[in-house]
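A.B. asks: Here's the letter readout for the chains.
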Amino acid sequence: MNAPATYLHWGFVLISVPNLLLLIGMIVVFALALLAPFPHGDVVDEAPPPAAPDARGEARRG
Amino acid sequence: MTAADGPRPGASSGPPPGAWRPGDSQEVYYAGVRMVRYDLIKELALALLGTAVLVVILAAALSSPDDPPVTIQSWAQSDPVDFVTTAVAELSGQSETATYGPPYNNTAGAAQAIGPFAPAQWAGVSTPIDTAKDFVLDPLGLASAGDPALSSALQTYERAPSSEQQSWTTAYGHALAKGTASNGSVQVPPGDYGPVPRLMNSLLGVARTGGLDGLLLQTGHFYQTDYTRPLLFMGDGSYLPNLAAAQHLTGDQWGMMNETGSYPGQTWLWLYTFWYQVPPFSTAPNADLIVVILMGLLTALLALVPFIPGLRDIPRWIPVHRLIWRRYYRG
Chain G
1 MNAPATYLHW
11 GFVLISVPNL
21 LLLIGMIVVF
31 ALALLAPFPH
41 GDVVDEAPPP
51 AAPDARGEAR
61 RG
Chain R
1001 MTAADGPRPG
1011 ASSGPPPGAW
1021 RPGDSQEVYY
1031 AGVRMVRYDL
1041 IKELALALLG
1051 TAVLVVILAA
1061 ALSSPDDPPV
1071 TIQSWAQSDP
1081 VDFVTTAVAE
1091 LSGQSETATY
1101 GPPYNNTAGA
1111 AQAIGPFAPA
1121 QWAGVSTPID
1131 TAKDFVLDPL
1141 GLASAGDPAL
1151 SSALQTYERA
1161 PSSEQQSWTT
1171 AYGHALAKGT
1181 ASNGSVQVPP
1191 GDYGPVPRLM
1201 NSLLGVARTG
1211 GLDGLLLQTG
1221 HFYQTDYTRP
1231 LLFMGDGSYL
1241 PNLAAAQHLT
1251 GDQWGMMNET
1261 GSYPGQTWLW
1271 LYTFWYQVPP
1281 FSTAPNADLI
1291 VVILMGLLTA
1301 LLALVPFIPG
1311 LRDIPRWIPV
1321 HRLIWRRYYR
1331 G
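So the protein lines, in turn, are chains G and R. Here the numbering used here is used: position 13 in the first sequence is 13, and no number is missing along the way. Here the numbering used here is used: position 253 in the second sequence is 1253, and no number is missing along the way.
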């Protein structure tokens, strides 16, 4: 790793191969974050709970 | 309508909006909302563990940049003619540091400015550096203890009129173009250089032993961590800039985002260094000031995106969030 890096040159753009790989890696990770499915847990459709008393102690519709 | 009586997030059934009130329990508030089990602690622990393992593996495999340090000693040993040429420029007040202006000295017209906007001038000389005194004469004064010949040469130089000093250093500086190094000293064709060759070869001798690195680091504190003077001295020569250029680290080589060896560098600085590569910034004498102001404006623009019509509408035109929450938007 201490050996000199290879540099790519287009016009005024001068970039090292390690930097280019890092940039490509960041773009790939960004794309993966967008496209990879988010892990979903078990969906639990909870039934409405029973009526709970409110602050005034009165039972309200749940 | 307040936040408290607005629609609940994700509610698809259960009590209609307005059927709950502040003070209701969570069970009432979330009644009918589809729930998903999710262990946030588990995710955090696994992410930390995965990152730690990755860091250990990558550190073991790749290590970190480990170039040997460039010192005045290594410079004087590798390129004595360049060292002496630079020292003469420091002595005569012709080096880049000697003519830089604030924060090192008061060279007229040297501070970067945009019209009347001259922050460097306003800040003034905060790190005063007299290159002849700080880089050459003071170190030689310390090194002359027990060396009568060097003390005498120093006295001759310091007592000479300024015009004669300038004549000696100018002639010696020109002669160094034909200078050669041997046996730890620099020889030039004969000429009227006064005591300058004696001074310069003494300074070279001190530098080659590493003594000048220590003398330029002296700050009067217990720990010497201020490398300003040795760095400026080395930067005035061509040895250090040539090493930097060979590693693509100079300003006109996108150097801000590069690193030594084959390591990736500070890629996040790409926009900062980009400006230095293109006209008019690449040729402007006050490029640093222009780029700092430009980046300040762009940063303010980024911070104020929510308040800028057009800019704040970009997510509507490029709805990346719809891709992230595609299940929701499909529904």
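FYI, nobody ran anything at the bench for these hints, they're computed from the structure. Computed from a predicted model, the values in this text were never measured in an experiment. From the three backbone atoms N, C-alpha and C, an ideal C-beta is built for every residue, glycine too. Check before you lean on any hint, since a few could be wrong.
To be verified - If you want the footprint, here are the derived chain R segments under chain G, 3+ residues with CB under 8 angstroms:
| id | segment |
| --- | --- |
| 1 | 1151–1159 |
| 2 | 1225–1231 |
| 3 | 1249–1258 |
Unchecked claim - Distance ranges between label pairs, derived from CB positions:
| id | chain 1 | residue 1 | chain 2 | residue 2 | range |
| --- | --- | --- | --- | --- | --- |
| 4 | G | 29 | R | 1027 | 18 to 26 angstroms |
| 5 | G | 35 | R | 1125 | 53 to 61 angstroms |
| 6 | G | 33 | R | 1283 | 36 to 44 angstroms |
A.B. asks: Run every hint past the structure and note whether it holds.
C.D. replies: Hint check results:
1. 1151–1159: The restraint on the segment 1151–1159 of chain R is violated, since only 0 of its residues have a Cβ under 8 angstroms from chain G and three are required.
2. 1225–1231: With 0 residues closer than 8 angstroms to chain G, the segment 1225–1231 of chain R misses the three-residue bar; violated.
3. 1249–1258: That given contact holds, which follows from 4 residues of the segment 1249–1258 of chain R lying within Cβ reach (below 8 angstroms) of chain G.
4. 29/G / 1027/R: 18 to 26 angstroms: Violated: the Cβ-Cβ distance is about 40 angstroms, outside 18 to 26 angstroms.
5. 35/G / 1125/R: 53 to 61 angstroms: 56 angstroms, holds
6. 33/G / 1283/R: 36 to 44 angstroms: With Cβ atoms ~41 angstroms apart, the hint holds.
Checked against the numbered hints listed earlier, the structure breaks hints 1, 2, 4; every other hint is satisfied.
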